[in-house]
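A.B. asks: Each chain, letter by letter, is given below.
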Amino acid sequence: MDPLVISIILLLVLFLLLGTGIWVSFSLLSLGMLALALFSNAPVGEVMATTLWASSHEWSLAALPLFVWMGEILYRTKLAEDMFTGLAPWLRRLPGGLLHINVFGCALFAAVSGSSAATAATIGKMTIPELTRRKYPENMVLGTLAGSATLGFLIPPSIILIVYGVSTEQSISRLFVAGILPGFMLVTLFMLFIILWALLGRKKLPVDDEQYTFKEKIYRSRRIIPVLLLILGILGSIYSGIASPTDAAAVGVVLALVFSWLTGSMNRETFFGALEGAVLTSCMIAFILAGAAVLTVAMGFTGLPRMLASWIATMELSPYMLLAALTAFFVIMGLFLDGISVVVLTTSIIIPMVEAVGIDLLWFGIFLVLVVEMAQITPPVGFNLFVLQSLTGKDIFYIARAAIPFFIVMVLALVILTIFPELATWLPGKMAF
Amino acid sequence: MRKFLDRYYRLCFNCAAACLCLICLTVSIQVFFNLVNKTSSYIIGESLGWQLPSYGDFTGYFLVATTFFAGAYTFRVGAHIRVQLLLQRLGEGTKRKIAELISCLVVIFVLSMGTYYAFLLCLESHEYGDVSSGLIAVPIWIPQLVMVAGLFSLWLAVVDTFLQLVRKENPPYMTGSSSTGE
Chain A
1 MDPLVISIIL
11 LLVLFLLLGT
21 GIWVSFSLLS
31 LGMLALALFS
41 NAPVGEVMAT
51 TLWASSHEWS
61 LAALPLFVWM
71 GEILYRTKLA
81 EDMFTGLAPW
91 LRRLPGGLLH
101 INVFGCALFA
111 AVSGSSAATA
121 ATIGKMTIPE
131 LTRRKYPENM
141 VLGTLAGSAT
151 LGFLIPPSII
161 LIVYGVSTEQ
171 SISRLFVAGI
181 LPGFMLVTLF
191 MLFIILWALL
201 GRKKLPVDDE
211 QYTFKEKIYR
221 SRRIIPVLLL
231 ILGILGSIYS
241 GIASPTDAAA
251 VGVVLALVFS
261 WLTGSMNRET
271 FFGALEGAVL
281 TSCMIAFILA
291 GAAVLTVAMG
301 FTGLPRMLAS
311 WIATMELSPY
321 MLLAALTAFF
331 VIMGLFLDGI
341 SVVVLTTSII
351 IPMVEAVGID
361 LLWFGIFLVL
371 VVEMAQITPP
381 VGFNLFVLQS
391 LTGKDIFYIA
401 RAAIPFFIVM
411 VLALVILTIF
421 PELATWLPGK
431 MAF
Chain L
1 MRKFLDRYYR
11 LCFNCAAACL
21 CLICLTVSIQ
31 VFFNLVNKTS
41 SYIIGESLGW
51 QLPSYGDFTG
61 YFLVATTFFA
71 GAYTFRVGAH
81 IRVQLLLQRL
91 GEGTKRKIAE
101 LISCLVVIFV
111 LSMGTYYAFL
121 LCLESHEYGD
131 VSSGLIAVPI
141 WIPQLVMVAG
151 LFSLWLAVVD
161 TFLQLVRKEN
171 PPYMTGSSST
181 GE
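Sequence lines, in order, name chains A and L. Take the first sequence: its letter number 319 is residue 319 in the working numbering, and every next letter is one higher. Take the second sequence: its letter number 166 is residue 166 in the working numbering, and every next letter is one higher.
For the record, the hints were derived by calculation from the structure and aren't laboratory data. Everything hinted at is true.
A partial selection of chain L residues facing chain A, derived with a Cβ cut-off under 8 angstroms:
#1 I23
#2 G60
#3 V64
#4 T66
#5 V83
#6 A99
#7 I102
#8 V110
#9 M113
#10 Y117
#11 A118
Ideal placement from N, C-alpha and C gives every residue a C-beta, glycine not left out.
Starting from the given sequences, assemble the full structure and let the hints guide the process.
C.D. replies: Written out as structure tokens, the structure is:
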């Protein structure tokens, strides 16, 4: 059968499965089984069982529940709250004032957490009440938060990069390093946007009358020390060579437990709450990954990705054209699916095409993360929007509208990353391993 | 029966949580060993070579246990994500129930096959005496049996949910505010 016809049938079935509300992991699994049964000669059951097993006992995947757990611990303890107190005195003088705390807080928290929903929840929980109390305009408060929380995926450690690395067999440490510069770039762009916005419409902003002497500022900053140590512990252990990303995740959990215990916010309830939340979330992700693995293997048996790749190759698209087409496709997918599902679907079908036009898979990982980040703030399905909705009670379309400028900033970042691919590839190239 | 099943799901979930702690413990010990090795190569010029035998394998097996033991409870509380757009449109009435029943049926079919073939895989590993390749040779069928048990519990949870829907009861993920997680 014509590969194009097969792809269209499978795509329709996928939308049907997802649309009727079948759990994402089982939609992927059923689609994989269907593809095996209809378009290949492979034994469906055996292939499924072997793939389920092979994809779930991978050692490098253990980083995932551990990073999720660490995020849960930070979410439930005072470590994150302390960041507000520590950062506020330094940022209030910039045009845009304390709005920058959303960007900075998210960036810092992203460096200890792998997920953007966790980042939105943790930072939002402390900044929304504070900023609203100081009468910052609500749409900017929510927009900056929705936008900068997506940094959780880009700045290492990152759950999405682990998922991408495991499913495309790229080195996770290299992917982590590749995310650093684009992460900084996005932080800078967000801050520039806030500054620009503030300079153009100054009167909308409240005047902050709290004054601090330099000494007070330094003294109050001591409260971000635990978080900084945590970042140092995680990244330090990876790049000093004593720990792989999986190992570093365990270091992160232990440090988070120790610091939260030292600062007195760890008790039985927080401990077990964090553990339970971590198991729930990582179980959900692991099932999606297992389902996606079956789909990937099934796709391999049908030969579909290869056919599509050669089809794309005959069209002699330039990489830019392909990227533009893929971006449009991802943004549309991202309207309905969450980031991880987008990534796993991509890796089963699109990676061969991307390789066919000669795009570096390391760079493509970072590109994909940026696109997925955009998906996090597009309605009707966007996890950051869900999180902010549950924090504020505002409707997700209102929040999404507030986030539009930041969406545009991210498109700009995407363009910059495409024009200057070195942003992602230069640092990993400097690595010894 | 209701109480018994709910307790069973929770018990499996607690095992999963314990396994996550074991992952953290195993990995932390190995990191500590790495640290010792690194320090000793600075001080006495050679690494002490401390190593947890087969630590990668064990971490992987604990991960299998974490994932599959947690499956049933995670399903029951609605933490597995799904596209809710159409479902929410259907409201709380009969149409929604039918949609839920269809979803459950599809999952039951997939899981029946999954559990059965996973069990065959496990039997096969047992028959051929497959062991892991690390320093400590773990018979592969043991962790595979964990996967089978987890898949079976999940199957049970979905069948349980299906029957609840047939009896016009609301499964827990429809009544409580379902957490989405990520």
